[in-house]
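*Asks:* Let the hints inform the model, and build the full structure from the sequences given.
If you're matching them up, the sequences are chains A and B in order. If you read the first sequence in this note's numbering, its first letter stands for residue 1, the second for the next number, and so on. If you read the second sequence in this note's numbering, its first letter stands for residue 1, the second for the next number, and so on.
None of these hints come from the bench; they were simulated from the model. Since we're looking at a predicted model, the values are computed, not measured. Every residue gets a Cβ at the ideal spot worked out from N, C-alpha and C, and that includes glycine. Any given hint could be a false lead.
Output of the computed footprint for chain B on chain A, the stretches with three or more beta carbons under 8 angstroms from beta carbons of chain B [claimed, not checked]:
#1 26-37
#2 136-144
To give a feel for the contact side, a few chain A residues facing chain B, derived at Cβ under 8 angstroms [unchecked claim]:
#3 49
#4 107
#5 125
#6 128
#7 184
#8 216
#9 217
#10 218
#11 247
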Amino acid sequence: MTAVSERELPRPATSVSLERANYGDRIFKLLLTVAALAVPVLLGFLVYELWSGADLAIQRFGLDFITTSVWDPVAEQFGALPLIFGTLLSSLIALIIAVPLSLGVAIYLTEFAPKSVRQPVAFLIGLLAAIPSVVYGLWGIFVLVPALRTTAFPLLRKLFGFLPLFQGPIYGPSMLAAGIILAIMIMPYIMSVSREVLLAVPNTQREASLALGATRWEAVTSAVIPYARSGIIGAIILGLGRALGETMAVTMLIGNRHEIAASLFAPGYTMAAAIANEFSEAVGDMHISALAYVAFVLFMVTVLVNAAARLLIWRVARGSSAGSSAL
Amino acid sequence: MNRRVLRRTVSNFMVGLMIGAVIVALLPLFFILIDLVLKGASSLSIDFFTKTPAPAGETGGGVVHALVGTLLIVGMASLIGLPIGIGAGIYCAEYPTSRLTWVTRFVADVLNGTPSIVVGVFAWAWIVATQKHFSALAGSVALALLMIPMVLRTTEEMIKLVPNSLREAALALGYPRWRTSLSVVIRTTLPGIVTGALLATARISGETAPLLFTALGSQYLSFNLNQPMAALPLTVFTYATGPYPQWHSYAWASALVLILVVFILSLGARLAIRKRFTLNG
Numbered sequence: 001m002t003a004v005s006e007r008e009l010p011r012p013a014t015s016v017s018l019e020r021a022n023y024g025d026r027i028f029k030l031l032l033t034v035a036a037l038a039v040p041v042l043l044g045f046l047v048y049e050l051w052s053g054a055d056l057a058i059q060r061f062g063l064d065f066i067t068t069s070v071w072d073p074v075a076e077q078f079g080a081l082p083l084i085f086g087t088l089l090s091s092l093i094a095l096i097i098a099v100p101l102s103l104g105v106a107i108y109l110t111e112f113a114p115k116s117v118r119q120p121v122a123f124l125i126g127l128l129a130a131i132p133s134v135v136y137g138l139w140g141i142f143v144l145v146p147a148l149r150t151t152a153f154p155l156l157r158k159l160f161g162f163l164p165l166f167q168g169p170i171y172g173p174s175m176l177a178a179g180i181i182l183a184i185m186i187m188p189y190i191m192s193v194s195r196e197v198l199l200a201v202p203n204t205q206r207e208a209s210l211a212l213g214a215t216r217w218e219a220v221t222s223a224v225i226p227y228a229r230s231g232i233i234g235a236i237i238l239g240l241g242r243a244l245g246e247t248m249a250v251t252m253l254i255g256n257r258h259e260i261a262a263s264l265f266a267p268g269y270t271m272a273a274a275i276a277n278e279f280s281e282a283v284g285d286m287h288i289s290a291l292a293y294v295a296f297v298l299f300m301v302t303v304l305v306n307a308a309a310r311l312l313i314w315r316v317a318r319g320s321s322a323g324s325s326a327l
Numbered sequence: 001m002n003r004r005v006l007r008r009t010v011s012n013f014m015v016g017l018m019i020g021a022v023i024v025a026l027l028p029l030f031f032i033l034i035d036l037v038l039k040g041a042s043s044l045s046i047d048f049f050t051k052t053p054a055p056a057g058e059t060g061g062g063v064v065h066a067l068v069g070t071l072l073i074v075g076m077a078s079l080i081g082l083p084i085g086i087g088a089g090i091y092c093a094e095y096p097t098s099r100l101t102w103v104t105r106f107v108a109d110v111l112n113g114t115p116s117i118v119v120g121v122f123a124w125a126w127i128v129a130t131q132k133h134f135s136a137l138a139g140s141v142a143l144a145l146l147m148i149p150m151v152l153r154t155t156e157e158m159i160k161l162v163p164n165s166l167r168e169a170a171l172a173l174g175y176p177r178w179r180t181s182l183s184v185v186i187r188t189t190l191p192g193i194v195t196g197a198l199l200a201t202a203r204i205s206g207e208t209a210p211l212l213f214t215a216l217g218s219q220y221l222s223f224n225l226n227q228p229m230a231a232l233p234l235t236v237f238t239y240a241t242g243p244y245p246q247w248h249s250y251a252w253a254s255a256l257v258l259i260l261v262v263f264i265l266s267l268g269a270r271l272a273i274r275k276r277f278t279l280n281g
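*Replies:* This is how it looks when you write it as structure tokens:
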């Protein structure tokens with residue numbers, strides 16, 4: 001102690017406080033660095049745990065895992081093709097329904113709506129995003145599915161029954177029901193991101209088009225949308241990423257059957273739903289490992305999809321954080 | 001001139017279609033909220049908030065075990081997730097040129113898009129598989145991991161809104177960097193950071209998938225984080241997919257409570273911020 005004070009005494013006061021400040025700075029930076037480092041470390045750990053959990057199944061099935069469709073825990077035969085198919089198909093249905101709706105809302109809110117309407121509508125749609133997935137599932141089981149089974153599905157079968165997509169018995173829980181609930185759930189995301197992208201389009205684009213005599217709709221299609229195109233596609237892909245990983249509502253509505261069916265009225269299964277249903281009851285290491293393999297595939301797919309989306313959004317709203325704040 | 005009328009009609013027609021889209025998009029929200037109130041409110045009683053569930057087939061009982069469970073699990077998740085998320089967010093905003101900032105930001109984006117069920121599998125493999133029993137703590141870890149990227153992003157965005165002149169003024173007065181950060185920069189943005197934290201908490205309180213095989217759920221009131229524990233979202237799931245009408249009414253009432261919690265948290269967060277900053281969304 002004395003040595004320190006002796007050394008400090010002859011120095012001017014400012015230098016002492018500077019030195020102390022230096023310590024403070026170092027500690028401050030150290031704490032923050034630990035927090036910032038924790039994030040990549042955790043992700044690395046996540047990838048490692050998934051990989052090592054799936055190791056057994058990867059060794060046994062290799063890439064055949066994603067091309068075969070037998071799922072038999074007793075015989076320890078696992079193929080995830082129906083799960084991958086179900087994940088892709090339910091997300092595709094969701095996109096087909098959600099994209100026109102959310103783009104319609106986004107374009108209306110940025111280009112046409114009176115100022116007093118914009119905030120409240122965007123706020124209400126934001127509320128949709130705040131509803132937990134399991135509540136969508138609950139509502140789906142007791143309200144949506146009964147309604148679809150008695151009205152919409154028979155009507156679809158009557159009108160489009162010539163297509164294999166709309167044939168066969170109507171159970172209620174089905175690929176189509178899951179697709180519809182997914183559409184409701186991803187719509188707020190696509191809407192808010194494409195709204196941000198549209199807001200980032202410079203006003204001069206609109207003004208130039210209007211000055212050339214375009215109607216307001218023509219200004220949108222000829223000047224605004226082309227400018228924002230890649231960002232809008234990014235918003236859609238971001239919605240796709242959400243749909244691929246969505247678990248609870250889909251688990252509750254899709255019917256949970258390891259099968260590839262032509263009809264949208266038939267039950268199906270998704271990767272996330274299979275993990276949710278079977279993981280805690282899995283018997284045997286191979287079953288658990290197969291489910292971890294599914295989780296690993298799902299993780300890789302969503303990472304790729306999200307990376308593509310970010311890149312596209314970034315091209316339009318460069319520098320701004322469009323996309324990330326909506327999530 | 002006929003062509004001009006046609007073009008204007010097309011324009012108006014498209015606007016009409018878009019208004020239709022707005023209405024269709026908002027319908028599910030109203031239906032869900034109305035159904036929740038109609039089917040859930042009647043089961044809400046003092047018993048519902050103070051008792052554990054009645055045995056299957058009997059009436060009465062409540063979900064106090066799930067309320068306590070959600071509070072504990074989410075509280076623990078916030079204790080783990082908020083310091084890391086906020087700290088990393090401050091780091092990214094204060095040292096924007098560092099390579100670690102770039103990596104952390106990128107990783108946060110990846111984590112943000114990771115399905116919550118995958119995070120659940122991770123928490124299972126890390127904690128449940130090594131401990132050989134289900135635990136609420138594993139659920140908290142999964143939720144914390146979901147929380148970190150959200151908190152990180154909002155914290156960073158908020159700090160970036162602080163004008164540099166404020167920082168320079170503090171430094172010119174002789175404040176060291178860390179005091180400038182803490183008592184000038186972060187203090188100015190505190191409401192924003194709190195908002196981000198509340199929003200993230202609201203988001204994770206509704207998460208079910210990561211809890212399925214970590215916290216697992218339970219029928220009993222428990223305060224032990226090292227044991228399986230009930231949580232509101234799990235209650236909704238179990239009771240909704242179960243066979244008894246009494247369970248279904250528990251499910252609706254729990255969902256109503258859950259959504260009230262989520263809405264109050266996120267509305268509170270948004271209102272708190274509106275006065276100080278104008279962030280879109």
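*Asks:* Now look at each hint and say whether the structure bears it out.
*Replies:* How the hints compare with the structure:
With a threshold of 8 angstroms between beta carbons, the proposed coverage of the stretch 26-37 of chain A by chain B holds, since 10 of its residues qualify and at least three are required. Under a criterion of three residues with beta carbons nearer than 8 angstroms to beta carbons of chain B, the stated coverage of the stretch 136-144 of chain A is upheld, 7 such residues being counted. Satisfaction of the interface hint for residue 49 (chain A) is found here, the shortest Cβ-Cβ separation to chain B being roughly 4 angstroms, below the 8 angstroms cut-off. Interface restraint check: residue 107 (chain A) against chain B, minimum CB-CB distance 6 angstroms, threshold 8 angstroms, status holds.
The beta carbon of residue 125 (chain A) is positioned within 8 angstroms of a beta carbon in chain B (closest approach about 6 angstroms), and the interface hint is therefore held. Checking residue 128 (chain A) against chain B: minimum C-beta separation of about 5 angstroms stays under 8 angstroms; hint holds. The interface hint given for residue 184 (chain A) holds, since its Cβ lies 5 angstroms from the closest Cβ of chain B, which is under the 8 angstroms cut-off. About 6 angstroms separates the beta-carbon of residue 216 (chain A) from the nearest beta-carbon of chain B, less than 8 angstroms, and the hint is met.
Annotation: interface hint on residue 217 (chain A) holds; nearest CB of chain B at approximately 4 angstroms, less than 8 angstroms. Checking residue 218 (chain A) against chain B: minimum C-beta separation of about 7 angstroms stays under 8 angstroms; hint holds. For the restraint placing residue 247 (chain A) at the interface with chain B, the shortest Cβ-Cβ distance is roughly 4 angstroms, inside the 8 angstroms limit, so the hint holds.
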